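Asker: Each chain, written out:
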Amino acid sequence: MAAMTREETQALIQEVLEVYPEKAKKDRAKHLAVNDQSVEQSKKCITSNRKSQPGVMTVRGCAYAGSKGVVWGPIKDMVHISHGPVGCGQYSRAGRRNYYVGMTGVNTFGTMNFTSDFQEKDIVFGGDKKLDKLISEIETLFPLAKGISVQSECPIGLIGDDIEAVSKKKSKELSKPVVPVRCEGFRGVSQSLGHHIANDSIRDWVIGNRDGDESFQTTPYDVAVIGDYNIGGDAWASRILLEEMGLRVVAQWSGDGTLSEMELTPKVKLNLIHCYRSMNYISRFMEEKYGVPWMEYNFFGPTKIAESLRAIAARFDEKIQANAEKVIEKYTAEYEAIIAKYRPRLEGKRVMLYVGGLRPRHIIGAYEDLGMEVVGTGYEFAHNDDYDRTVKEMGDSTLLYDDVTGYELEEFVKRVQPDLIGSGIKEKYIFQKMGVPFRQMHSWDYSGPYHGYDGFAIFARDMDMTINNPCWKSMQAPWQKPAEGEADAVAASA
Amino acid sequence: MPNVMIRKKDDGALLFYVAKKDMEETIASVETDTAETWGGEVELTDGSRWYIDPISPPPAFPTTLRFKRADG
Ligand code: SF4
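As you go down the protein sequences, you meet chains A and B in turn.
Position one of the first sequence corresponds to residue 0 (numbering that gives the first Met the number 0), numbered consecutively onward.
Position one of the second sequence corresponds to residue 0 (numbering that gives the first Met the number 0), numbered consecutively onward.
Bound-form chain A, shown alone (with noise of 0.2 Å):
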């Protein structure tokens, strides 16, 4: 299908938007926008983070999610408490796929689902005492767990228990820090308050812990790494860059990150936030009190890593700088290689995401790389900031949808007729069901790392192996096949 007009864009949407009743479809209509890159400010055409419409499917998740499932979680040597009933822990437990090096369950709990469990009796008579027995027997049996968090349950708020209360008495006991999390799950419209929490209790209860010491021996090239989470060893393959430019990377945040890390970060010369969206309050936080500055950067394809390589290194020495080149040059033919391979099989394939944090514009540049091209793009949780930056990534024309719906995303698909679709769990086995080619793009269907030059091999023949997978040849039952010459025509006219 060729690329559609501005006018048939709009059309489209009209039409999606047609079966809503009248209210939802003012409300709608106000989070699906034709994309024009002459745009400054996404405000205008497209609003985001607003409650989601009731009766429609969200793919959303809460704000405990975003502070335990993607902020704390990764946090390799502490223990994460799910604290509350225990289905929230337990079902997103190692879902996000944080690879972390340790023993898990000796020094590190990454995998691991600790949880209060709690019972009815707990919500009438508060479970305070409870949270308190609980953190004993964790320091009983995981003495080398450096700190504990509290993450709140939607129950917690609710019943008003004291966490607060509960962490200062214990932490005082066993001389580590615990952190009471208000991440409840009722909290804001999404997830993306929840990173919001998350990132306002690190400030309180972690940042500041080593000021004024100074034991630690900085060089004028500490970096950290903020908002990659490892997912499949993401972090992995863009600290190897960043430390054959010479650079030192001190913290992970927080994707096989330890609590130390975080402490030290204050004391780093640049941050380098990979997801803006859920970490860039607590990169403020740090410039402004530590004077500590931070760029966002893009590891996605040769193309934007080359470009985020060059403007890292500019914030160095001629040194660095000169290293960068090195670097770019090291795996330029290894890229090429891989381009020479896959573009051929990719080249002109149409692709739609609907992802949420950074993914929904940073993977587009590996997309064009391979020559292909993203015709429609949204995110679950954004805010106006995220639509700022997507705006000038994507092409005139193309679809972008905010906190989408399923119906609405169905919809897209069937009328735009993409080769491939990049989305999450929820709506992997709809679109596979409808004969589109489908990639998880979460926690990279099992795959990864799609960060770095590595990655970016990975993601190159993952996307390959999806989109020309002969499987898709298979979808009709053979006997509703149309015979051999018009089969041809049928391929011919689609």
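Just so you know, the hints here were simulated from the structure itself, not pulled from any lab data.
Please note that the accuracy of each hint is not assured.
To be verified - Which residues of chain A face chain B? A partial, calculated answer using Cβ under 10 Å:
#1 K43
#2 C44
#3 T46
#4 D199
#5 Y280
A quick note: this is a predicted structure, and the numbers were derived from the prediction, not measured.
Cβ atoms here follow ideal geometry from the backbone N, Cα and C, with glycine treated the same way.
For chain A, the structure is supplied; the task is to place chain B with the ligand on it using the hints.
Answerer: Just chain B with the ligand now, with coordinates in the frame of chain A:
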């Protein structure tokens, strides 16, 4: 009166960030912006207007300041 974090962007413009709302916008104009004083009415690029009592000497950015909404 929300707390607003203000920082300089790479292009020199000032970024206005309301932490509580996770809202980010660029400052379009500041009523008083001289070597001695900074403040008064501040207009953002999205058209919204905010107010802060003029501060002298001007604050060093990045910093957090308390603003009032100037438009109803
Ligand atoms: S909304 Fe509440 S109950 Fe549901 S997963 Fe989140 S914290 Fe748990």
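Asker: Compare the structure with each hint and give your call.
Answerer: Hint check results:
1. K43: 8 Å, holds
2. C44: At 12 Å from the nearest chain B Cβ, C44(A) fails the 10 Å test, so the hint is violated.
3. T46: Interface hint status for T46(A): violated (12 Å vs cutoff 10 Å).
4. D199: D199(A) check passes; min Cβ-Cβ to chain B is 9 Å, inside 10 Å.
5. Y280: 6 Å, holds
The earlier numbered hints that this structure contradicts are 2 and 3.
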